[in-house]
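For reference, each letter of the sequence shown is one residue, going 1 to 312 in the UniProt record's numbering.
By construction, these hints were calculated from the structure, which means they are not laboratory data. Since the structure is predicted, the reported quantities are computational estimates derived from the model, not experimental observations. A virtual CB, placed ideally from N, CA and C, is assigned to each residue, including glycine. Hints are not guaranteed to be accurate.
Label pairs and their computed distance ranges (CB to CB) [stated by the list, open to error]:
(1) Asp75 <-> Asp175: 29 to 35 Å
(2) Ala197 <-> Ala63: 15 to 21 Å
(3) Ala70 <-> Arg46: 16 to 22 Å
(4) Arg38 <-> Asn215: 28 to 34 Å
20 Å max Cα-Cα, derived DMTMM-like pairs, lysine to aspartate or glutamate [what the hints assert, rightly or not]:
(5) Lys58 <-> Glu87
(6) Lys118 <-> Glu87
(7) Lys58 <-> Asp91
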Amino acid sequence: MSRPPAGPPVELVEVGPRDGLQNHPTHLGTADKVALVRRAVAAGTRRVEVTSFTNPVKVPRLADAEAVMAEVAGDPGLVSIGLVLNERGLDRALAAGVDEVNFVVVASDTFSLRNQGKPTEPAVAEVRRLLPRVHDAGRRASVTVAATFGCPFEGEVPLDRVLRIVDALGAVNPDELALADTIGVAVPGAVGAAFTAVRAATGADLRCHFHNTRNLGTANVLAAVAAGVRAVDASIGGIGGCPFAPGATGNVATEDVVYALERSGHRTGVALDAAIDNARWLSGVLGAEVPGLLSRAGGFPYPAVPDRREAA
Numbered sequence: 001m002s003r004p005p006a007g008p009p010v011e012l013v014e015v016g017p018r019d020g021l022q023n024h025p026t027h028l029g030t031a032d033k034v035a036l037v038r039r040a041v042a043a044g045t046r047r048v049e050v051t052s053f054t055n056p057v058k059v060p061r062l063a064d065a066e067a068v069m070a071e072v073a074g075d076p077g078l079v080s081i082g083l084v085l086n087e088r089g090l091d092r093a094l095a096a097g098v099d100e101v102n103f104v105v106v107a108s109d110t111f112s113l114r115n116q117g118k119p120t121e122p123a124v125a126e127v128r129r130l131l132p133r134v135h136d137a138g139r140r141a142s143v144t145v146a147a148t149f150g151c152p153f154e155g156e157v158p159l160d161r162v163l164r165i166v167d168a169l170g171a172v173n174p175d176e177l178a179l180a181d182t183i184g185v186a187v188p189g190a191v192g193a194a195f196t197a198v199r200a201a202t203g204a205d206l207r208c209h210f211h212n213t214r215n216l217g218t219a220n221v222l223a224a225v226a227a228g229v230r231a232v233d234a235s236i237g238g239i240g241g242c243p244f245a246p247g248a249t250g251n252v253a254t255e256d257v258v259y260a261l262e263r264s265g266h267r268t269g270v271a272l273d274a275a276i277d278n279a280r281w282l283s284g285v286l287g288a289e290v291p292g293l294l295s296r297a298g299g300f301p302y303p304a305v306p307d308r309r310e311a312a
């Protein structure tokens, strides 16, 4: 079967070093985290969410945020992203030299209270107060709206509520807005509708963030791209989860997303073989099989072999 016509390029944002590791049973040392970041860049990923500047007591897996950044800051080809939840986190991220700050607000009050200690509206107000500091420092600022498609405590999240959050954030001109399906409940139709509505409401670039909890992560990525999204979060091997979201499992796997996008006509700039190799390496470092499928199945078309007739 011939491939589809070429579509617009799509940027992969590697979130494995942060979202992938923050709640993983295995604690990786600083050297392995640095290696993970550098392997992602070597495979062709430019933007990497290196770590989060959060409370080390609450997120002990990422307590070495400054140490990791000290190693990778200034690495050729890397645009380092640091996730922050509050002013203290922003102070740390800017001091550590991140190229981009990713703020998070949660679309539901209960989850926001669990995640950040305040309801959604005060959390949005805090981002509006803090984000200009990022631009003043000459850095890029993005905002992720978590639990856009559903909350583990409140259930469905109305799209109108998400649009009100997006409108409020627009006052401080974030460079990029992301909608995140933190607990993996989205379906492609809802994804397309949400991003179409948000595109009409903001001039910011859009990014998507999906978890594969219900096996629809990659389908949701394709739906988001069809709706105009040009940046996609993904995690090497599909590892991930949120310590404050019951039932949240792994992110969409970088290698699986690269395969789906490239086979659908979208250039990603990421070498599939290298992405698969990274997932296999990470599996070895973690001492456990990763959830992503391409590390087991491999890519397609297969490398040329003398004869495959025996498979018939």
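These are the hints, each one checked on the structure:
1. Asp75 <-> Asp175: 29 to 35 Å: 21 Å, violated
2. Ala197 <-> Ala63: 15 to 21 Å: At roughly 38 Å between Cβ atoms, Ala63 and Ala197 fall outside 15 to 21 Å, so the hint is violated.
3. Ala70 <-> Arg46: 16 to 22 Å: Once the Cβ atoms are compared, 20 Å apart, the range 16 to 22 Å for Arg46 and Ala70 holds.
4. Arg38 <-> Asn215: 28 to 34 Å: 31 Å, holds
5. Lys58 <-> Glu87: Roughly 16 Å between the alpha carbons, so the hint for Lys58 and Glu87 holds.
6. Lys118 <-> Glu87: Between Lys118 and Glu87 the Cα gap is close to 14 Å, so the pair holds against 20 Å.
7. Lys58 <-> Asp91: Distance of about 18 Å is within 20 Å: holds.
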